[in-house]
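Peer 1: The sequence shown: position 29 = 29 (full-length UniProt numbering), numbered continuously.
Hint data in this document are derived by calculation from the structure and do not stem from the laboratory. Because the structure is a prediction, the values reported are computed rather than measured. Where hints are given, some of them may not hold.
As the list claims (entries may be wrong) - BS3-like, lysine-lysine: derived pairs with alpha carbons at most 30 Å apart:
| # | residue 1 | residue 2 |
| --- | --- | --- |
| 1 | Lys79 | Lys47 |
| 2 | Lys70 | Lys115 |
| 3 | Lys115 | Lys75 |
| 4 | Lys44 | Lys67 |
| 5 | Lys115 | Lys44 |
| 6 | Lys44 | Lys79 |
| 7 | Lys115 | Lys47 |
| 8 | Lys47 | Lys70 |
| 9 | Lys44 | Lys75 |
| 10 | Lys75 | Lys47 |
| 11 | Lys79 | Lys115 |
| 12 | Lys44 | Lys70 |
Stated by the list, open to error - Here are the computed distance ranges between Cβ atoms for each label pair:
| # | residue 1 | residue 2 | range |
| --- | --- | --- | --- |
| 13 | Val22 | Glu64 | 30 to 38 Å |
| 14 | Pro37 | Thr10 | 20 to 28 Å |
| 15 | Ala34 | Thr10 | 36 to 44 Å |
| 16 | Ser110 | Gln29 | 32 to 40 Å |
| 17 | Arg41 | Gly66 | 39 to 47 Å |
| 18 | Thr10 | Thr49 | 27 to 35 Å |
Positions of the beta carbon are idealized from the N, C-alpha and C atoms, including for glycine.
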Amino acid sequence: MAIQRRMNLTIEQVFPAGAFIVGAVEPVQDWDQAALPDGTRPQKIDKETGLPTWTVPVLDADPEAGKNEKTVNVKIVAKHQPVPPANDTGLPFVPVEFTGLVGVPWIDDSGNRPKLQWSLTATGMDAPSARKPAAGAAGSKAAA
1 MAIQRRMNLT IEQVFPAGAF IVGAVEPVQD WDQAALPDGT RPQKIDKETG LPTWTVPVLD
61 ADPEAGKNEK TVNVKIVAKH QPVPPANDTG LPFVPVEFTG LVGVPWIDDS GNRPKLQWSL
121 TATGMDAPSA RKPAAGAAGS KAAA
């Protein structure tokens with residue numbers, strides 16, 4: 001069986017109940033490079049695209065997500081710093097959908113037991129489209 005290490009994903013697969021930006025978009029520091037004269041690190045460059053890498057903290061709106069799974073960092077590869085969509089909801093967090101979403105599995109062995117984690121990378125972010133929740137999403141359970 002030939003399963004690729006990088007898996008193309010949809011926003012519905014990763015965040016079926018929606019996602020919200022909960023912090024600033026910031027450059028990812030490249031810890032494999034030497035520090036700059038001012039002590040900072042250069043920005044990480046994506047090996048596949050040659051574009052700078054940015055990161056944004058995201059809240060998973062799934063009510064069944066565990067407390068350690070509620071927020072994740074999504075990396076975005078883009079020439080310029082991505083700008084979050086406008087927040088017209090009145091909520092304290094910005095609703096978001098990611099385009100070109102890719103997941104890469106990795107093993108987190110920093111705790112008592114190793115566990116599978118996912119590194120998420122996207123090519124952009126937009127305001128959520130008007131869509132129905134995916135099957136199995138929290139919103140669809142109430143309708144059943």
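Peer 1: Each hint should be assessed against the structure and marked as holding or not.
Peer 2: Results of checking the hints against the structure:
1. Lys79 / Lys47: Within the cut-off at roughly 13 Å; holds.
2. Lys70 / Lys115: holds, 16 Å
3. Lys115 / Lys75: Roughly 21 Å separates the two Cα atoms, so the pair holds.
4. Lys44 / Lys67: holds, 29 Å
5. Lys115 / Lys44: Status holds; Cα separation ~26 Å.
6. Lys44 / Lys79: holds, 12 Å
7. Lys115 / Lys47: holds, 26 Å
8. Lys47 / Lys70: holds, 28 Å
9. Lys44 / Lys75: Within the cut-off at roughly 11 Å; holds.
10. Lys75 / Lys47: holds, 13 Å
11. Lys79 / Lys115: violated, 33 Å
12. Lys44 / Lys70: holds, 25 Å
13. Val22 / Glu64: 30 to 38 Å: This hint is violated: roughly 19 Å between Cβ atoms.
14. Pro37 / Thr10: 20 to 28 Å: violated, 43 Å
15. Ala34 / Thr10: 36 to 44 Å: At roughly 39 Å between Cβ atoms, threonine 10 and alanine 34 fall inside 36 to 44 Å, so the hint holds.
16. Ser110 / Gln29: 32 to 40 Å: violated, 19 Å
17. Arg41 / Gly66: 39 to 47 Å: violated, 31 Å
18. Thr10 / Thr49: 27 to 35 Å: Distance hint for threonine 10, threonine 49 is violated at roughly 20 Å.
Of the numbered hints given earlier, the model fails hints 11, 13, 14, 16, 17, 18; all others are met.
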